[in-house]
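Number of protein chains: 2
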Amino acid sequence: MARAGLSRERLIRAAAELADEVGFDQVTASALARRFDVKVASLYSHVKSSGDLRTGIALFALDELADRAADAVAGRAGKAALTALANVYRDYAREHPGRYAATQFRLDPQTAAASAGRRHAQMTRAILRGYDVPEPDETHAVRLLGSVFHGYIGLEMGGGFSHSAPDTEETWSRVLDALDALLANWPKS
Amino acid sequence: MARAGLSRERLIRAAAELADEVGFDQVTASALARRFDVKVASLYSHVKSSGDLRTGIALFALDELADRAADAVAGRAGKAALTALANVYRDYAREHPGRYAATQFRLDPQTAAASAGRRHAQMTRAILRGYDVPEPDETHAVRLLGSVFHGYIGLEMGGGFSHSAPDTEETWSRVLDALDALLANWPKS
DNA sequence: ATAATTTGCCTAAAGACCTTAGGCAAAGTA
DNA sequence: TACTTTGCCTAAGGTCTTTAGGCAAATTAT
Chain A
1 MARAGLSRER LIRAAAELAD EVGFDQVTAS ALARRFDVKV ASLYSHVKSS
51 GDLRTGIALF ALDELADRAA DAVAGRAGKA ALTALANVYR DYAREHPGRY
101 AATQFRLDPQ TAAASAGRRH AQMTRAILRG YDVPEPDETH AVRLLGSVFH
151 GYIGLEMGGG FSHSAPDTEE TWSRVLDALD ALLANWPKS
Chain B
1001 MARAGLSRER LIRAAAELAD EVGFDQVTAS ALARRFDVKV ASLYSHVKSS
1051 GDLRTGIALF ALDELADRAA DAVAGRAGKA ALTALANVYR DYAREHPGRY
1101 AATQFRLDPQ TAAASAGRRH AQMTRAILRG YDVPEPDETH AVRLLGSVFH
1151 GYIGLEMGGG FSHSAPDTEE TWSRVLDALD ALLANWPKS
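Sequence lines, in order, name chains A and B. For the first sequence, position 7 (counting from the first letter as 1) is numbered 7 according to our numbering, and the numbering increases by one without interruption. For the second sequence, position 100 (counting from the first letter as 1) is numbered 1100 according to our numbering, and the numbering increases by one without interruption.
Keep in mind that a hint or two might mislead.
Result set (DMTMM-like, lysine to aspartate or glutamate): computed pairs, CA atoms no more than 20 Å apart in a straight line [as the list claims (entries may be wrong)]:
#1 B:K1039 x B:D1052
#2 B:K1188 x B:E1135
#3 A:K39 x A:D52
#4 B:K1188 x A:E170
#5 B:K1079 x B:E1135
#6 A:K79 x A:E138
#7 A:K188 x A:D137
#8 A:K188 x B:E1170
#9 B:K1048 x B:E1009
#10 B:K1188 x A:D167
#11 B:K1048 x B:D1108
#12 A:K188 x B:D1177
#13 A:K79 x A:D137
#14 B:K1079 x B:E1138
#15 B:K1188 x A:E169
#16 A:K188 x B:D1180
#17 A:K188 x A:E138
#18 B:K1188 x B:D1132
#19 B:K1188 x B:D1137
#20 A:K188 x B:E1169
#21 A:K48 x A:D108
#22 B:K1188 x A:D177
#23 B:K1079 x B:E1169
#24 A:K79 x A:D132
#25 B:K1079 x B:D1177
#26 B:K1079 x B:D1180
#27 B:K1188 x B:E1138
#28 A:K188 x B:D1167
#29 A:K79 x A:D91
#30 B:K1188 x A:D180
Examples of chain B residues toward chain A, derived with CB under 7 Å [claimed, not checked]:
#31 R1106
#32 R1174
#33 V1175
Derived from the structure by calculation, the hints contain no laboratory data. Model, not experiment: these values are computed from the prediction. Just so you know, even glycine gets a beta-carbon here, dropped at the ideal spot from N, CA and C.
Whole structure, please, built from the sequences with the hints as guidance.
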């Protein structure tokens, strides 16, 4: 019987696509097996468990997203960099909702440390260099930016802004303006 | 055989407690049945489905949280109100992680409209009255506050701030300072 | 080229969960 | 006390996860 040519890489890639189509938490070993026209048990040679599969998607997405972010901030500074980074996150979430969701999958500390998480923090930090945020406050600012991006995207995708009047594009740009202003006049501690 | 005295109310209450103990997405009809020492099928007279159960928890949590929020903002204005509201959310998330998670469960528009969601938006809006945010910008500000609260709590609970230096309490208070300052000098559109 | 080994996918099976259908006994009503 | 309703039960079919053991295809060695 011909082989299907499975591999951890291919499985995770396909699982990421599946996540975008049906939602991250609907990603199931069975569905993935079906997609490869293979029996479920066959996946277990390549992936330790269902959780391991999810972890794989998360790491993949984190990495892909970090690559895009790095591209976006390269050669930009100040508000241009801020906007570019923010839009990368938001666009990624819209384009690849499943992968974006995977991005928030809780990883154990080990795995998290080895993930692209650091790169993300690093990039946000880089943006602050275009502003006058004093060094000891950097982490606070990084966390604030992370919160706003993550929070806004979460609410927007979750339909939290659905039935209110002004469209979300405008709010988004106002939010970025506000963040820019805030970083520009960072309150002296 | 003596009856267990199930009811939709009791089931949802217990499910909310279960959620806090094992996590919202580990809330399962089976686990709940076990807790009542009852067969799983018995739940289906009181609850339409597993999803219906989750919806129930979500509505319950949304309501409980809105009550706490209302208490907190009552008699306060300006920064005091802002801080109080923000802390209600954060404290609730820490005290009742499962219920807080339920709060973000995606409801269908019908159900969402009938939920306490409006009350939440209303309270955030009320806080803006202590600041000079022009009326047409209110929605933008409400969304920004929601994003920051939701985003910060999500990252903090998800361990996103775990292995960085300054403690999260300080960041939190700096974030609230920043929001206060931002609302106080809301940029003219 | 053939033999030996490794690897990949399969079948089988057991456990957990969800959900529906139909039954019997307890609670509530006539 | 007889009748009706309601609550929890058993039974059963379906999905998903995971482990164990087998056979055949691919790879490597002879």
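Structure-based check of all given hints:
At most 20 Å may separate the alpha-carbon atoms for a hinted pair to count; B:K1039 and B:D1052 meet this at roughly 18 Å. Between B:K1188 and B:E1135 the CA atoms are separated by roughly 12 Å; this keeps the pair inside 20 Å, and the hint holds. Note on A:K39 and A:D52: the hinted pairing holds, with a Cα-Cα distance of about 18 Å set against a maximum of 20 Å. Annotation: proposed proximity of B:K1188 to A:E170 holds, straight-line Cα distance about 14 Å (limit 20 Å).
Our distance criterion of 20 Å between C-alpha atoms is met by B:K1079 and B:E1135, whose separation comes to about 19 Å. For the hint linking A:K79 to A:E138, the alpha-carbon distance of about 16 Å falls within 20 Å, and the restraint holds. As the CA atoms of A:K188 and A:D137 are separated by approximately 9 Å, the hinted pair is consistent with the 20 Å bound. Proposed proximity of A:K188 and B:E1170 is supported: the alpha carbons are some 14 Å apart, at most 20 Å.
Only pairs whose Cα atoms come within 20 Å are accepted, and B:K1048 paired with B:E1009 is accepted, the gap being roughly 13 Å. A hinted pair counts as satisfied when its Cα atoms are at most 20 Å apart, and B:K1188 with A:D167 qualifies at roughly 19 Å. About 15 Å separates the Cα atoms of B:K1048 and B:D1108, which keeps this hinted pair within 20 Å; it holds. Proximity of A:K188 to B:D1177 is assessed by CA-CA distance (about 11 Å); at most 20 Å being required, the pair is judged to hold.
With a CA separation close to 19 Å, the supplied pair A:K79 and A:D137 stays within the 20 Å bound. Straight-line distance between C-alpha atoms of B:K1079 and B:E1138 comes to about 16 Å, which keeps the hinted pair within the 20 Å bound. Between B:K1188 and A:E169 the CA atoms are separated by roughly 18 Å; this keeps the pair inside 20 Å, and the hint holds. Our distance criterion of 20 Å between C-alpha atoms is met by A:K188 and B:D1180, whose separation comes to about 14 Å.
Taking the CA atoms of A:K188 and A:E138, the gap is near 12 Å; set against the 20 Å cutoff, the hint holds. Distance hint between B:K1188 and B:D1132 is fulfilled; the C-alpha atoms sit about 10 Å from each other, no more than 20 Å. Taken as a hint, the B:K1188 and B:D1137 pair is honoured in the structure, with Cα atoms around 9 Å apart against an allowance of 20 Å. For the proposed pair A:K188 and B:E1169, the alpha carbon gap of about 18 Å is at most 20 Å, so the pair holds.
With a C-alpha separation of about 15 Å, the suggested pair A:K48 and A:D108 falls inside the 20 Å cut-off, and the hint holds. Taken as a hint, the B:K1188 and A:D177 pair is honoured in the structure, with Cα atoms around 11 Å apart against an allowance of 20 Å. About 17 Å separates the Cα atoms of B:K1079 and B:E1169, which keeps this hinted pair within 20 Å; it holds. Annotation: proposed proximity of A:K79 to A:D132 holds, straight-line Cα distance about 13 Å (limit 20 Å).
For a cut-off of 20 Å, the pair hint linking B:K1079 to B:D1177 stands: about 8 Å separates their Cα positions. Restraint check for B:K1079 and B:D1180: the C-alpha separation of about 6 Å stays at or below 20 Å, so the hint holds. Between B:K1188 and B:E1138 the CA atoms are separated by roughly 12 Å; this keeps the pair inside 20 Å, and the hint holds. The straight-line distance between the Cα atoms of A:K188 and B:D1167 is roughly 19 Å, inside the 20 Å bound, and the hint therefore holds.
Restraint check for A:K79 and A:D91: satisfied, since their Cα atoms lie roughly 18 Å apart, inside the 20 Å limit. With a C-alpha separation of about 14 Å, the suggested pair B:K1188 and A:D180 falls inside the 20 Å cut-off, and the hint holds. Because the smallest distance between the Cβ of B:R1106 and any Cβ of chain A comes to about 6 Å, under 7 Å, the interface hint for this residue holds. A least Cβ separation of about 5 Å between B:R1174 and chain A falls short of the 7 Å threshold, and the interface hint therefore holds.
Contact between B:V1175 and chain A, as hinted, is supported at the beta carbon level, the nearest pair being about 5 Å apart and thus within 7 Å.
Violated hints are absent here; each numbered hint is respected by the structure.
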